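Colleague: Whenever a hint applies, use it, and build me the whole structure from the sequences.
Read off the chains here:
Protein chains: 2
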Amino acid sequence: MSRGAGGASMAGPVVDKGADFANYFCTYAFLYHQKEMLSDSVRMDAYHASIFKNTKHFKNKIVLDVGTGSGILAIWAAQAGAKKVYAVEATKMAEHARQLAAGNGVQDIVEVIEGSIEDVELPEMVDVIISEWMGYFLIRESMFDSVIKARDRWLKPTGVMYPSHARMWVAPIRSGLGKAKLQDYENVMVDWDSFIQDTNDYYGVNMSVLTKPFQEEQKKYYLQTALWNNLHPSQIIGAPFIAKEFDCLTASLKDAASVHSSFQVELWEGQLKLSGFAGWFDVQFKGRAEDPADQIIELTTSPSAEKSTHWGQQVFLLQPPLDYECGNIIEGQLDITRAKDNHRLMDLKFTHRLIRSRDANGVLAPFTCSDFYLE
Amino acid sequence: MSRGAGGASMAGPVVDKGADFANYFCTYAFLYHQKEMLSDSVRMDAYHASIFKNTKHFKNKIVLDVGTGSGILAIWAAQAGAKKVYAVEATKMAEHARQLAAGNGVQDIVEVIEGSIEDVELPEMVDVIISEWMGYFLIRESMFDSVIKARDRWLKPTGVMYPSHARMWVAPIRSGLGKAKLQDYENVMVDWDSFIQDTNDYYGVNMSVLTKPFQEEQKKYYLQTALWNNLHPSQIIGAPFIAKEFDCLTASLKDAASVHSSFQVELWEGQLKLSGFAGWFDVQFKGRAEDPADQIIELTTSPSAEKSTHWGQQVFLLQPPLDYECGNIIEGQLDITRAKDNHRLMDLKFTHRLIRSRDANGVLAPFTCSDFYLE
Numbered sequence: 001m002s003r004g005a006g007g008a009s010m011a012g013p014v015v016d017k018g019a020d021f022a023n024y025f026c027t028y029a030f031l032y033h034q035k036e037m038l039s040d041s042v043r044m045d046a047y048h049a050s051i052f053k054n055t056k057h058f059k060n061k062i063v064l065d066v067g068t069g070s071g072i073l074a075i076w077a078a079q080a081g082a083k084k085v086y087a088v089e090a091t092k093m094a095e096h097a098r099q100l101a102a103g104n105g106v107q108d109i110v111e112v113i114e115g116s117i118e119d120v121e122l123p124e125m126v127d128v129i130i131s132e133w134m135g136y137f138l139i140r141e142s143m144f145d146s147v148i149k150a151r152d153r154w155l156k157p158t159g160v161m162y163p164s165h166a167r168m169w170v171a172p173i174r175s176g177l178g179k180a181k182l183q184d185y186e187n188v189m190v191d192w193d194s195f196i197q198d199t200n201d202y203y204g205v206n207m208s209v210l211t212k213p214f215q216e217e218q219k220k221y222y223l224q225t226a227l228w229n230n231l232h233p234s235q236i237i238g239a240p241f242i243a244k245e246f247d248c249l250t251a252s253l254k255d256a257a258s259v260h261s262s263f264q265v266e267l268w269e270g271q272l273k274l275s276g277f278a279g280w281f282d283v284q285f286k287g288r289a290e291d292p293a294d295q296i297i298e299l300t301t302s303p304s305a306e307k308s309t310h311w312g313q314q315v316f317l318l319q320p321p322l323d324y325e326c327g328n329i330i331e332g333q334l335d336i337t338r339a340k341d342n343h344r345l346m347d348l349k350f351t352h353r354l355i356r357s358r359d360a361n362g363v364l365a366p367f368t369c370s371d372f373y374l375e
Numbered sequence: 001m002s003r004g005a006g007g008a009s010m011a012g013p014v015v016d017k018g019a020d021f022a023n024y025f026c027t028y029a030f031l032y033h034q035k036e037m038l039s040d041s042v043r044m045d046a047y048h049a050s051i052f053k054n055t056k057h058f059k060n061k062i063v064l065d066v067g068t069g070s071g072i073l074a075i076w077a078a079q080a081g082a083k084k085v086y087a088v089e090a091t092k093m094a095e096h097a098r099q100l101a102a103g104n105g106v107q108d109i110v111e112v113i114e115g116s117i118e119d120v121e122l123p124e125m126v127d128v129i130i131s132e133w134m135g136y137f138l139i140r141e142s143m144f145d146s147v148i149k150a151r152d153r154w155l156k157p158t159g160v161m162y163p164s165h166a167r168m169w170v171a172p173i174r175s176g177l178g179k180a181k182l183q184d185y186e187n188v189m190v191d192w193d194s195f196i197q198d199t200n201d202y203y204g205v206n207m208s209v210l211t212k213p214f215q216e217e218q219k220k221y222y223l224q225t226a227l228w229n230n231l232h233p234s235q236i237i238g239a240p241f242i243a244k245e246f247d248c249l250t251a252s253l254k255d256a257a258s259v260h261s262s263f264q265v266e267l268w269e270g271q272l273k274l275s276g277f278a279g280w281f282d283v284q285f286k287g288r289a290e291d292p293a294d295q296i297i298e299l300t301t302s303p304s305a306e307k308s309t310h311w312g313q314q315v316f317l318l319q320p321p322l323d324y325e326c327g328n329i330i331e332g333q334l335d336i337t338r339a340k341d342n343h344r345l346m347d348l349k350f351t352h353r354l355i356r357s358r359d360a361n362g363v364l365a366p367f368t369c370s371d372f373y374l375e
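As you go down the protein sequences, you meet chains A and B in turn.
If you're matching positions, the first sequence starts at 1 in UniProt numbering and goes up one per residue.
If you're matching positions, the second sequence starts at 1 in UniProt numbering and goes up one per residue.
Keep in mind the hints are simulated off the structure, nothing from the lab.
Keep in mind it's a predicted model, so treat the numbers as computed, not measured.
Where chains are identical, the list cannot tell them apart; a pair therefore holds if satisfied intra-copy or between any two copies.
Taking lysine to any residue pairs in the SDA-like style, the calculated list, with each CA pair at most 20 Å apart, reads: (1) 340 / 95; (2) 349 / 217; (3) 92 / 342; (4) 83 / 109; (5) 92 / 216; (6) 92 / 341; (7) 340 / 30; (8) 181 / 227; (9) 92 / 23; (10) 56 / 298; (11) 220 / 27; (12) 219 / 36.
Modeller: Below, the structure written as structure tokens:
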């Protein structure tokens, strides 16, 4: 449905820049949203420590901050001794970043550049690329693409990536949300039925041909759209597995474009309901092999009883949930590709089956496919 | 902030079509949203009656439906005897409209065309243009522009507009919402102050240069953005006045682009607080002077104890509200122009003062300006 001219993305189809700006970047132009991210202490502590526990990577170095937002990472890099920091920001937030740099006395070090990183020209190659590019379940927003492109173009051969590594995690979970969502969906469909009746009776138009498309639209909305959730660790009912790992120094656009991961997880005792799956991520700041960090820092968004992040976890609920017995195994495959009409959103497919002990004599259940949307 | 290529709007600045689609049209691609409009019985009854009480305007006529959505108006026009109905829809909803026409046996009459009305080529001129183009406070969405362009291009000199007339109404009101919004705003600012303190203490960055822009952003959001509300008639505290009238047959793009209206309203007894203003609209289906409707139908979205519409009223709250005495007069001017960065949204300015009886000896209070955003 995208129309008009636009820039070509190296990763695939043509992206309409106007639509992309309206759909995506505009959010980051609000200070309220910046504040939300700046108030996320897990995020802030990790980036702060990654810089100030590893000042050797910043002292007298040239730094590029991709998507600087309010400019916090660029300012920290300057405070840690950087010789120069190029802070690139696509939205009008760039003006605020410039003010903030000046307000903190680093205006001579931090050069804020308003523009998209793909279009920007820097006068020199950089020693460090720092960026907070992670979206929900790591890859939503597809901002890693921009970091990869910046790396390929501007990072010196000896350069360091901050963060250096990233991982996508998935775990089977139990959750009460599925039941509530199913109820919402059913209520909407009951309401639709009386709407069809009324429109026919009062206005002489039979709308029943729209029932199936409406059902699909509502099913997608209520049952197949990933839910933001702050899970308690006790909701995890089997060992989390890594669905994808990235070495930020070597990952390609192709690597970032999709996920294909098979899994086999034994379900833990004490629970008897598999509601679905949760996805989250962590990133590490390790420096590079020849120039490792003095202190490795990790930022994790995994379920935690103490700490939550603005990313939370993304929850994918099976309808209906699966009853299982202790020792059963959930096995299958997770495939993630980008949404056709918006490269920053994702389509997910869980192909799964439960291996029960009573099937041990060779009779395995068929696989079931569950489609989800990370929107 | 808009970037990339786009089509030129006759009314003014260049519009980025990709961004416009992402910001605006996308909403109408959801059946859920169509259902909301189709369930608005004030809207449905008025359009239904306008057609079926005036079938002479449709029988054996060529009709154009601008922005057909689910296709309901086009189908009604066909049921009323139209020879041909061109139903133009910019979104994928066009497919559903086509199905719905077929499901109601009028696929040979109703020709659904997917595209924006500005780009569409019709094989002939039309006798009637019907359209449900009204946004909040009538002019939000600026869809009337598209209807005007369609009229200038496709309506026969003897043609009829459905609706034929439209009016924007404004009235002084009392409301409890202002207090709640002010409290929300103040809470956010208190929270901001501790955020500034924490960011300075824990992360060594002084964010106070952002306080003013944050305050402005939040003020706009909580205090200056028009609120959707379903007012009770008793909340109106002075005679509503017409801020703008359109004859849909003759209105120009320039007419539709702005509103400049002065007012002088005596405040009614029994109330002592002027909280702000409310805006709504009505439209009439009168046919044209030489070819008047058999029965004039009106669709009004004014405050009503019995009937509400999905449009409701738009409320603009003064901070602080004004205390008045019986017989005081609120006078001033309302200026509405289009938002700079989105031609479908509006900037409003109420320039107002209260004329108190005690000022009768010549001392008048100065005017106060209150800016609002219809988003």
